[in-house]
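K.L.:
Below, each chain spelled out in residue letters.
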Amino acid sequence: MSVILVLILVSLVVAIAFLIAFFWAVKSGQFDDTYSPSVRMLFEDRVKKEKEANDD
Amino acid sequence: MNFVSTIVKNETHCYHCGEDCLEGKLTFEEHSFCCNGCKTVYEILSSNDLCDYYSMENTPGFTVRDKAEHSLFDFLDNESIKREVLDFEGEGFQRVTLHIPNVHCSSCIWLLENLDRLKPAVLDSVINFSSKKLTVNYKSDEMSLRQLAEMLDSIGYGPQINLKDSDESKKPQKTFDKQLLIKIGIAGFCFGNVMLLSFPDYLGIAGVEEEYRSFFRYLSLALSLPVVFYAGGEYFTSALKSAKQKFANIDVPIAIGLLALFVRSSYEVIADVGPGYFDSLVGLVFFLLIGKWFQGKTYESLSFDRDYQSYFPLAVQKRINDAFEPVPVKELKKGDEVLLRNGEVLPADAILIDDYASIDYSFVTGESVPVTRKKGDYVYAGGRQVGKQVRFVIQKEVSQSYLTQLWNNDAFGEKEVHTKLIDKVSRYFTVLVLLVAVSSAIFWQITDPSQTWLVFTAVLIIACPCALALSTPFTMGSIMRVFGRNHFYLKNADVIEKINATNTIVFDKTGTITETQGEALKFCGSELSEAEKALIHTAVASSTHPLSRWIKQFTEAKGFDYNIESFEEIEGKGFVVIVSGLTIKVGAAKFLGVEKNQENNATQVHVSIGDDYKGYFSFEATYRKGLNALLDALKSKFKFQVLSGDNDKEAERLKSMFPVGSTLRFNQSPEDKLKAIKEIQANDNAVIMLGDGLNDAGALQQSKVGIAITEDVSLFSPASDAILKASNLMDLDKFIKLAHAGRKVVVASFILSLLYNCVGISLAVAGELTPLVAAILMPLSSISVVVFTTTSINLISKKIKLK
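Each protein sequence line maps, in turn, to chains G and Z.
The first sequence begins at 1 in this note's numbering and counts up by one.
The second sequence begins at 1 in this note's numbering and counts up by one.
Don't take every hint at face value.
To give an idea of the chain G side of the interface with chain Z (calculated C-beta under 10 Å), a few residues [unchecked claim]: (1) I4; (2) I8; (3) F22.
The list that follows gives simulated cross-link-like pairs (lysine to aspartate or glutamate, EDC-like), each with its CA atoms no further than 20 Å apart [claimed, not checked]: (4) Z:K318 with Z:E397; (5) Z:K297 with G:D33; (6) Z:K388 with Z:D377; (7) Z:K375 with Z:E337; (8) Z:K178 with G:D33; (9) Z:K655 with Z:E671; (10) Z:K375 with Z:D336; (11) Z:K590 with Z:E568; (12) Z:K178 with G:D32; (13) Z:K119 with G:D32; (14) Z:K522 with Z:E556; (15) Z:K552 with G:D33; (16) Z:K318 with Z:D336; (17) Z:K330 with Z:E79; (18) Z:K244 with Z:D423; (19) Z:K82 with Z:D177; (20) Z:K552 with Z:E530; (21) Z:K334 with Z:E397; (22) Z:K292 with G:D32; (23) Z:K637 with Z:E652; (24) G:K27 with Z:D177.
Every beta carbon over 12 Å from chain G, so not counted as near; a handful from chain Z, in silico [unchecked claim]: (25) S130; (26) S144; (27) I182; (28) P200; (29) Y212; (30) A271; (31) N321; (32) A557; (33) S608.
Calculated directly from the structure, the hints in this document are not laboratory data.
Note that beta-carbon positions come from the ideal geometry of N, C-alpha and C, so glycine has one too.
Next up, chain G with everything else stripped away, as it sits in the complex (with noise of 0.2 Å):
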């Protein structure tokens, strides 16, 4: 039966890392601005874009 004290503990890990991930994001100022990344993301693909017609 240990496997659940196994399988809890082995849980825990992998949750503390999506923790320590949640804090490296809150640091590194992932929350302070909401708003540009969302619109950059689209901005970006539509430079892709002309660069690939530009390719043809």
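Here the structure of chain G is known, so what remains is to put chain Z in place on it, guided by the hints.
P.N.:
Showing chain Z alone in chain G's frame:
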């Protein structure tokens, strides 16, 4: 006969970003644009069929905005200023973060992040949309900071540079936000895990699995440690602080509850007598932190603490030997000769030594028609020179000037502390809970001493005013969001409670209850034919005077094609234009040799075509539409006062608009306005002050609630508790109504949460509070309070027709 008509504003949508095109819309290839950025982007993209992205370097963007004769950024060449503005300086490379107030739509982001295509010297540029800050890395040997600022300005995104911004008063706020997010993360993480680990206990562990029980319990204990001591730590420190001041704020009962929960649960686990209440404990902290985050919504790009320093320039052109060089304004002394160019602000009181200057005081008084000053006139600081460059001799140091000495007043010290409703309630609440806990402990001590300590802690646990503590943040947070959608931005949620405590509204006149943009313009004299209109339209087109712009708009006529043959502007008087052989004179009455109409107090611009005197354009301040309705809606609850810096020529008109009993004061200096507010407050009145200019700064500061009115919220506004977009001024009664309703919602949710507490406490007193009951009851009460407050605020705001 008088011919009167008004300008009709056409509201259209920007072709590129879809925003409303307000004043000053731009047209290109039959499309309207809301801003230069959009227009530039459109121009570039359309001329290239959206394909040839690389011809961006042809940069039509550079020609979009009429280049001012002189750049206003040459002070950035001054080494000491440059060093303060720059973030980082490496070899051949510099990084700077600039505040760009104009950023407002997606194409702004696009353009600003593609700066390297305009200027290869830019390595990269990243914009933070919510704080409107642009960070640029660039090669400093190919481009100077000044050139960067000029380039941004030329594409319509002039940076706002002042030292206040560069020493970054906002940074501590940011780390606070991040810390709160991290705390929420930890609390949420632990909450989820502890809840899972508690299930076996709630569901009842049978037989073999019993050996894992203490493992689950100790794990819960371990997971609750960071939550109690890190995430919830501030409740303990805040409770201690207020206990020292012998004042029980809401954090005191929370801290007591958390402590009781933690001690009781740890005891149960260590003594192996029960599962403890760890999931309730951790969930409680999690909900409380969420509440804090919800209420803490801030408007990052708005600044509520600006003083004159952030409006005044960093540097001004001072005469050193025979040349003018930029020097920091702090170093200006009496007797210095300074040069102001078009658009520059006079930083200190001075005497004009050139013949004429046209000074725009709109930021100071709200009056948008520039005033003319003659040689030898004493000119107050804060005015913006319009037109050609002029020289002044400084009379006072910057901080001692007429306007700026206002900031030496002690009203600019600490503001009075407002006791929040929740803290008033919590004082009684704490006492009551302690009473119930102690008396039930005494009761059990007599009947069954083994239960005493259990019941005592159970009462403290269940009485923990989580729901009570959540009702205010969620109500206020919802109200702030509704206000924000209606362009009414609060400095923080406390302002809502302060609004509820007021009973007097004080208005500034110019710019607050009168329109600042495009004042009503009418033509008095013989009726103008379409052809004459077109002639005047052509004539004024080459003048840079702001009044000309309005006349130009007014005289819009189609189907005529006139050419300007000569144009001569006589500074401070008017101009003579020869259009298709006709001499047209536009300007002051004296300049045309006619009598000024004395009955009309408004600014007058007279016109003659050929030898015929046609009449004059009259610029009148108009009161904002809907003002009467607003005053009507508010008059039952508020007294009104008007503080005007102008003379009393409008007194009769104002008297007829304001209800009887309102006080009108005229000729108020900035100091007078501050004193007037103090006087009103001395009679036990709490004041909402509405003002728009720097001259209202003192009054705004002194009032309980100072609301700055501004046409464009991204532009400068004086320090205040709230910023209201001028177009939404007429919703003020609704805002106040919602704030009042908010108070009722808070009280109702207090009752709701107290009901839960009553049920919980009676269970606890009876000794029936099992961890399972606590685990259901406590989150249930929190969630129902959250749902109740947010939905009722949204329903009420819909009912009073706020967006």
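K.L.:
Which hints from the list above does the structure break, by number from lowest to highest?
P.N.:
Violated hints (numbers, rising): 9, 13, 15, 19, 23, 25, 27, 28, 29; every other hint is consistent with the structure.
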